[in-house]
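On the provided structure of chain A, position chain B as indicated by the hints.
2 protein chains.
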Amino acid sequence: MTTEMHSTSDRDAFSRFYGVIPAGGTGTRLWPLSRAAAPKFLHDLTGSGSTLIRATYDRLCPLAGDRVMVVTGTLHRRAVKQQLPEISNDNLVLELEPKDSAAAIGLAAAILHRRDPDIIMGSFAADQVITPVEVFQDAVREAILTAARGYIVTIGIQPTHPSTGFGYIRAGEGLDIDGAPNARAVAEFVEKPSEDVARGYLRDGSFSWNAGMFVAPVSLMLKHLEANEPELHAGLTEIAEAWDTARRREVVRRIWPTLPKTAIDYAVAEPAAAAGDVAMIPGAFTWDDVGDFAAIGRLNPAAENTELRVMGEGARVYSENASGIVVSDTKRVIALIGIEDVVIVDTPDALLVTTKEHAQEVKKAVEHLKASGDTDVL
Amino acid sequence: MTTEMHSTSDRDAFSRFYGVIPAGGTGTRLWPLSRAAAPKFLHDLTGSGSTLIRATYDRLCPLAGDRVMVVTGTLHRRAVKQQLPEISNDNLVLELEPKDSAAAIGLAAAILHRRDPDIIMGSFAADQVITPVEVFQDAVREAILTAARGYIVTIGIQPTHPSTGFGYIRAGEGLDIDGAPNARAVAEFVEKPSEDVARGYLRDGSFSWNAGMFVAPVSLMLKHLEANEPELHAGLTEIAEAWDTARRREVVRRIWPTLPKTAIDYAVAEPAAAAGDVAMIPGAFTWDDVGDFAAIGRLNPAAENTELRVMGEGARVYSENASGIVVSDTKRVIALIGIEDVVIVDTPDALLVTTKEHAQEVKKAVEHLKASGDTDVL
Chain A
1 MTTEMHSTSD
11 RDAFSRFYGV
21 IPAGGTGTRL
31 WPLSRAAAPK
41 FLHDLTGSGS
51 TLIRATYDRL
61 CPLAGDRVMV
71 VTGTLHRRAV
81 KQQLPEISND
91 NLVLELEPKD
101 SAAAIGLAAA
111 ILHRRDPDII
121 MGSFAADQVI
131 TPVEVFQDAV
141 REAILTAARG
151 YIVTIGIQPT
161 HPSTGFGYIR
171 AGEGLDIDGA
181 PNARAVAEFV
191 EKPSEDVARG
201 YLRDGSFSWN
211 AGMFVAPVSL
221 MLKHLEANEP
231 ELHAGLTEIA
241 EAWDTARRRE
251 VVRRIWPTLP
261 KTAIDYAVAE
271 PAAAAGDVAM
281 IPGAFTWDDV
291 GDFAAIGRLN
301 PAAENTELRV
311 MGEGARVYSE
321 NASGIVVSDT
331 KRVIALIGIE
341 DVVIVDTPDA
351 LLVTTKEHAQ
361 EVKKAVEHLK
371 ASGDTDVL
Chain B
1 MTTEMHSTSD
11 RDAFSRFYGV
21 IPAGGTGTRL
31 WPLSRAAAPK
41 FLHDLTGSGS
51 TLIRATYDRL
61 CPLAGDRVMV
71 VTGTLHRRAV
81 KQQLPEISND
91 NLVLELEPKD
101 SAAAIGLAAA
111 ILHRRDPDII
121 MGSFAADQVI
131 TPVEVFQDAV
141 REAILTAARG
151 YIVTIGIQPT
161 HPSTGFGYIR
171 AGEGLDIDGA
181 PNARAVAEFV
191 EKPSEDVARG
201 YLRDGSFSWN
211 AGMFVAPVSL
221 MLKHLEANEP
231 ELHAGLTEIA
241 EAWDTARRRE
251 VVRRIWPTLP
261 KTAIDYAVAE
271 PAAAAGDVAM
281 IPGAFTWDDV
291 GDFAAIGRLN
301 PAAENTELRV
311 MGEGARVYSE
321 NASGIVVSDT
331 KRVIALIGIE
341 DVVIVDTPDA
351 LLVTTKEHAQ
361 EVKKAVEHLK
371 ASGDTDVL
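Those protein sequences? They're chains A and B, same order as listed. According to my numbering, the stretch in the first sequence is residues 1 to 378, in order. According to my numbering, the stretch in the second sequence is residues 1 to 378, in order.
Be a bit skeptical, because a hint or two may be false.
Since the list gives no way to pick out one identical chain from another, each pair is judged satisfied if it fits inside one copy or across any two copies.
[To be verified] The calculated BS3-like cross-link candidates involving lysine-lysine, where the alpha carbons are at most 30 Å apart (straight line), are:
#, residue 1, residue 2
1, K331, K363
2, K261, K364
3, K81, K370
4, K331, K370
5, K261, K192
Rather than coming from a laboratory, the hints here were simulated on the basis of the structure. These figures come from a predicted structure and were not determined experimentally.
For reference, chain A alone in the conformation it holds in the complex (with noise of 0.2 Å):
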């Protein structure tokens, strides 16, 4: 709708842009739902009937089309498939192994700009989640419209609460840019707060949360690599220029492995900020990165007069004066007696049992597993 009120060369923006969807990390504090072998972003964590992957791609796609990219590891590629059956093979890079945001979004501008040197490229996680979706797509036209004149352009969020595991952004003066009224430039990027820092940046009102989403001129990302990780950067044009050619498979074998892993925050985003070079559009709707077990429970309403959520098609679940969440991944009857706050997530070969206090703790259960040789699990 937005778009209809957007001039010609507007326009000529919209059609430079190129969704890039990176579908990395395993969710650890989401074990043992989430799984190196079944991440995050492979589930249907909101009860929505979409796994986390496809509300990405059909987010994307009134502003895209089918120019949406996938990076994700050559594990997840069935999967990836199976959930985007319309992805064409050239929209689906493999990393070999992973290397981290820098090089799996690198690779992907790198690409983008062998095949389209004037590519806007926006990147969006594979596994938040965003609501309303038109609101959403209203920002990232500002976005789009923004990174047409030059700018790296983050989306901000707006913080409900002193969060402490979230980046924040600070928002500058305000920009002058035709369809982009809120556009602002961005100050600097500062790393996650301490609670009473992060109580500070809350009542100052100029801070945001950092949710990793950037809309960017394919050239401009590729500018700010180059000057900050030569070597990533060396690395990743000389795999986009085999990408496309026989010697993809060649080339990746020999280049990948020695690339160095870094977050694209470090390599590019807190730089070009330094140097001016980023800008801001604030995102007014709900955001959630689904961090944990807590957050699922925010995330699936609980059935009417019970504060217990279940998830699970086909769960059967029994419960007397128990709440919390139950993610049941099998068909086995669960029974909860008596228990508040709970968290369990039963799986064929795991079993979870937790309170939503502790829910950020699954990481450690996750390195104990490994450390002790339980990878069958992981």
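The following block gives chain B in isolation, referenced to the frame of chain A:
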């Protein structure tokens, strides 16, 4: 050892002794470990390496040798024979359908009486935990000698707390019986009391718990059964007459389904006590009827430096700040994080999560599942 000191006529009493083990009841408060198809007595609930029925049989062996009869449901024939491979078919009495304790114990009494009217039977449920066994055996020896003088002799358990879950026995005057210095008359059996009343019993000192154990001449048992439940007595007598003949099957099928369901306490013990025919030997041993999962916690020592008791062969449990009981009947990894006094029972088709405090309510869950048609897991 005690036996050596008894006289010839005492030995005669001992040679008349026949152990009877009623093995019934599904132990619904121990669901989903205990099931209709795999009741409490078929499990090793103490971590001893023996199932409860095996331990019960072994406890009677020094007293009865191979003169031990088991009364159980046809459903459990195979499992009982597996647990007690030495049992002869003559000593395995199968109930066509459950008919409560008066029919089960009465049938054993009637069959034994038919085979030898001088038998003194000792009935001990298959699902109790007793230690030390020598103290139990000494009490039974006193009970046998007292029974030989024409008493139905119960063994009273010294109460350790004002339980509202057991019936009580009020002891009367001491009896003067050779070789049974602790024998006393029983003034009355009293029903499960309120907590206040139970506290009074403890202070009074003449009350003990009724563990349902008794030793009695089969003729005396049958006499009281005939007086109080003539229909039941007549039916059991007809079945017993046919039992060791080719007519057993036909007679059982015709009569068993028509028998009234009642407890041995009402059919024999209470009226016999009123008639002055019941005596009591105090049992100075530790006794547990493993009534719920809290009992399983008591009976299984925790591993060093942990408040978490884990039962189950090959259990794979990871815990962090967790206490309570885990019963693992699968090979699944179970991770517990930050949860106190929890009770987790993990079986292939059903999972129970509750707390020690709510352990008694498990029965309700089973009733609910039955009502809702989830009988596949009961």
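Structure-based check of all given hints:
1. K331 to K363: both (26 Å within a copy, 22 Å between copies)
2. K261 to K364: Classified as within; 22 Å inside a copy, 55 Å across copies.
3. K81 to K370: within (29 Å within a copy, 43 Å between copies)
4. K331 to K370: both (27 Å within a copy, 17 Å between copies)
5. K261 to K192: within (20 Å within a copy, 69 Å between copies)
In the structure shown, no violation is registered for any of the earlier numbered hints.
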